[in-house]
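Peer 1: Residue numbers (this note's numbering), protein chains in the order written: chain A, 1 to 607; chain B, 1 to 412.
No lab work stands behind these hints: they were computed from the structure.
Part of the chain B face toward chain A, derived, beta carbon under 10 Å: (1) 244; (2) 333; (3) 372; (4) 395.
Here a beta-carbon is modelled for each residue, glycine too, at the ideal position from N, C-alpha and C.
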Amino acid sequence: MTPTERIRNFCIIAHIDHGKSTLADQFLLRTGTISPREFREQVLDDMDIERERGITIQMHPVTIYYSCSRPGTSDAITYELNLIDTPGHADFNYEVSRSLAACEGAILLVDATQGVQAQTVHNAFLAMEAGLVIVPVVNKIDLPIARPEETVLEMEHSLAIDPKEVLFCSAKTGQGVDEVMRALLERIPPPTGTAEAPLRALVFNSHFDTYRGVVVYVRVKEGILRRGQRIRFMRTGREYEVQEVGQFRPAMKPCEALGPGQVGYLTAIIKNIQDVRIGDTVTDAHRPAPEPLPGYKEPKPMVYSGLYPVNNADFEALREALARLSLNDSSFTWQPETSEGLGFGFRCGFLGMLHREIIQERIERESGLELVHTAPNVTYEIVLRNGETIQVKTPQDVPDAGQIAEFREPIVRINFIIPAENIGAIMQLCVEKRGTFIRTEYLSPTRAMLVFEMPLAEVIYDLYDKLKSITRGYGTMDYEFIGYRPADLVKLDILVHGKRVDALSTIVHRSQAERRGRALVKKLRREIARHQFEIAIQAAIGSRVIARETIAPLRKNVTAKCYGGDITRKRKLWARQAEGKKRLKQVGQVEIPQEAFLAVLSEDEEN
Amino acid sequence: MLLFHKAWAVAGPLPLPLKSSRYQAEPRWFWPRSVYVHVPFCAHHCCYCDFAVVTGADRLADVYLDALEREMALWLAEPIDVETIYIGGGTPSWLSPARLRRLLTIIQQFCSYQRGNVEYTLEANPDDVTEEKLGLLVEFGVNRLSLGVQSFHPATLRFLERHHDPASIAKAIELALKHISNVSLDLIFAVPGQTLTDWHNDLARACQTGAQHLSTYNLTVEPKTALWARVRRGQVCPCDEETERSLYEYTITYLEDHGWEHYEISNFARPGYASRHNQVYWSGEAYLAFGLGAARYVGGTRSSNTRSLRSYLSQLRAGQLPIAESETLTPTERAAETAALQLRRRQGIHRDRFRQQTGFDLDTLLGSALRRHRNRGWLEDDGVTVRLSRQGIFYADLVCADCVASAQSSSR
Ligand SMILES: Nc1nc2c(ncn2[C@@H]2O[C@H](COP(=O)(O)OP(=O)(O)OP(=O)(O)O)[C@@H](O)[C@H]2O)c(=O)[nH]1
Ligand code: SF4
Ligand SMILES: [Mg+2]
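Bound conformation, chain A alone (with noise of 0.2 Å):
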């Protein structure tokens, strides 16, 4: 156990991008946390898909050890460096929360290619607010392009940062590294709390493992936590015997106790994750604290969308895999669902619109299933008539207009840091999107953040592409939910040949309905083949059609000449046309594409 004067604790967080994960490899290798044999590139981002998509998802912690010599004198002194690694975007900011409870301080880093963006000023007040000492570093300043002098302006402008106490390195080349360690250990204070006091410790994080069970993330806080030692949860009051207990190294390393002021892990033979709540105090059960630690609020869903299997006789097996994912990520959500046109499949929940491809593909890649998803939808609030308050999930369950007293949906703020040149662009992009304006802010005279408030389903509905495209990528956004508010809404239905599909629907405010039907029926005439039967495609609003299109019959499909020579060419054709197959769900008699289903998603650059 290391005594608590001697021990750090810090996050490392950032705008996506911005170098959180190089910068916590400088770390590990300088302190021989992992030697130069073992190490790759953001070595913390263990998984496949982190590693392929070159992101964090998770928040990494490992624990370091950093000696260095006292000012003034020879003799050296060994550091404990509890460092927790977090993602940059914004669908993963529960994780930069979580994180942020377990340190006392954190490096808010900021690329200086890029400046200020979204993610920094949403993660930087995120610690500001939890009291974290913050230690401002401009990073990436080897690059040609870095403009470090204009960074640590905007840094000051938009985050009250004192110039002063900004740092400058090289996540890449290491330059600036050591300024940064010492800083660290310099500013940020050690944790407090005494060895004696009854044990609370904060669970900040957990995963499950196959031979130890559920892997329980801590931070000590008071008292001591050793192997063997009886606890409790104090919120769900479970309790068990402490079978091992450690520290990331950044694998897991047992050791026989953790202190005040230390990050670990502890198992206990815990076989389901949903046993453990994540932001709950371990304490020990004969000797328990009288208080808990303030918890945290849970992540909920803010976007759903159904999966189907694209063979219904693979709902079992769809079932499972979903069981297996939420193992390990208990941040998303799902329930049966069935749906007439596409037969049995999950309604599930996501954090944001990447937290929801990352699952899918997940799901896809771990089971090998074939799956057609929906367009994602938000949640909504209903109240109805009989004064009842229901949650809706899905456009389907959207009560008659008849019962609706009050139909609500999910209110955003989001802040866009951009170009000051694209401001008039981007406000009246806002005004279409159904947005209220709050402020602007200059960062510089040439880069802004506005602030809007905005309904979510805007916010998904391509807000994000526009964006891009509107500043030409130099853009970014971050939102965060602030409540309900009542709006005119319908339910927007597809038919298709007569027969309407569900998975179809969506939920429009009133006044773009009649745009939005037109659209949407335009982009599903592209997207369905034609049938040898003509099909007509409607939008509507209860029984009135707003919007129609139909898709001429195929009369004819048919090579005139096969002979000798065409046969190569023949099989080639017909071995794509097989490839563009693969995706299509029947409803009633005509097959849908997959990416009919995603049609609602976005509009066309014609509209």
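Please arrange chain B with the ligands on chain A, whose structure you already have, making use of the hints.
Peer 2: Showing chain B with the ligands alone in chain A's frame:
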């Protein structure tokens, strides 16, 4: 499930030159009993044609025959026993009598055939049909003539850039039938400007000629042809799908009513006159081929020659085969292809023969596709054979593609 009797059957191209005697006992999908010879010369390049064709290169005819002879020698170590020969083009009949004689002599040198049994076809332009050439053909055992009539209607012929006079066609057919008892006519429908009446007249005239075989092709706008360019520029408006379908439907009804047997998507025959050579293609059986752009299927490998006359000639001059592409099919690819090809035949796929030929059980291979198209009414299945229904003919490519898709996923 696989019933291969020879592991090397799919390993790669057979060693050349081929020693025919070694393979004679091999199954028909593996060892060829048919030969195709391509003659690329034409008087004029018709606007719709995407064959390997050269015009204005008369002076290259002799060099071409030299090359052809060399190509056959590179392939064949000894004469091969054949049951069908097809000389196509281009316009083989365009060759002068002396060159035609030389061509037939070369073929005779490399292919042994029995006059009584062989089906020996030559493609001809009606204008080229002369007593002299017909006599020559008979002398070498050619017993089937395929005439590129295309239409009897002047406007249609003009559009297609075929410059024979409708009146001369009947005469040519008559003359041909005096020497050669088996005559086939090519006709084209869905030509811009052509009416149903025009097409009806074409069919009626064709029936009166005494020909034993008819190939009726829906005009297809092939990429990179002159017709294609005209369509793109908006100078020509191609026939719409609905009209094409009704013309095609009319063709089948009319010809079947008049005693013709519809035996392949675009082919009709008087009883007993279905083309044996072309049925080799639609059965998924092997065939050899020589000449510019020619494609062959031997020992499970499909390969084709270059379509550039210059490189065809120069490679052969250098003693090399002018092969541009070659692909050895996997067992599943071969089975899927066989199924798709056989569906073009009105007789369809015979389950037992299919298993013998490919080693695959048809229902296992195509399971879901068969079911789907049976339910849709596009396939007929009596338990022994599966074939396109009258309705399904119009969607043959969709059914074939689905079969290939099913085969691909069942093999995963
Ligand atoms: N030239 C240069 N490149 C850097 C530096 N630091 C990081 N990079 C590169 O920037 C990219 C992103 O780095 P990461 O460390 O994965 O960034 P991150 O902040 O962890 O990203 P997320 O976890 O996805 O939010 C990688 O290609 C790094 O090699 C630096 O100091 N200089
Ligand atoms: S259609 Fe026949 S005659 Fe015309 S160019 Fe083609 S091969 Fe030659
Ligand atoms: Mg990272």
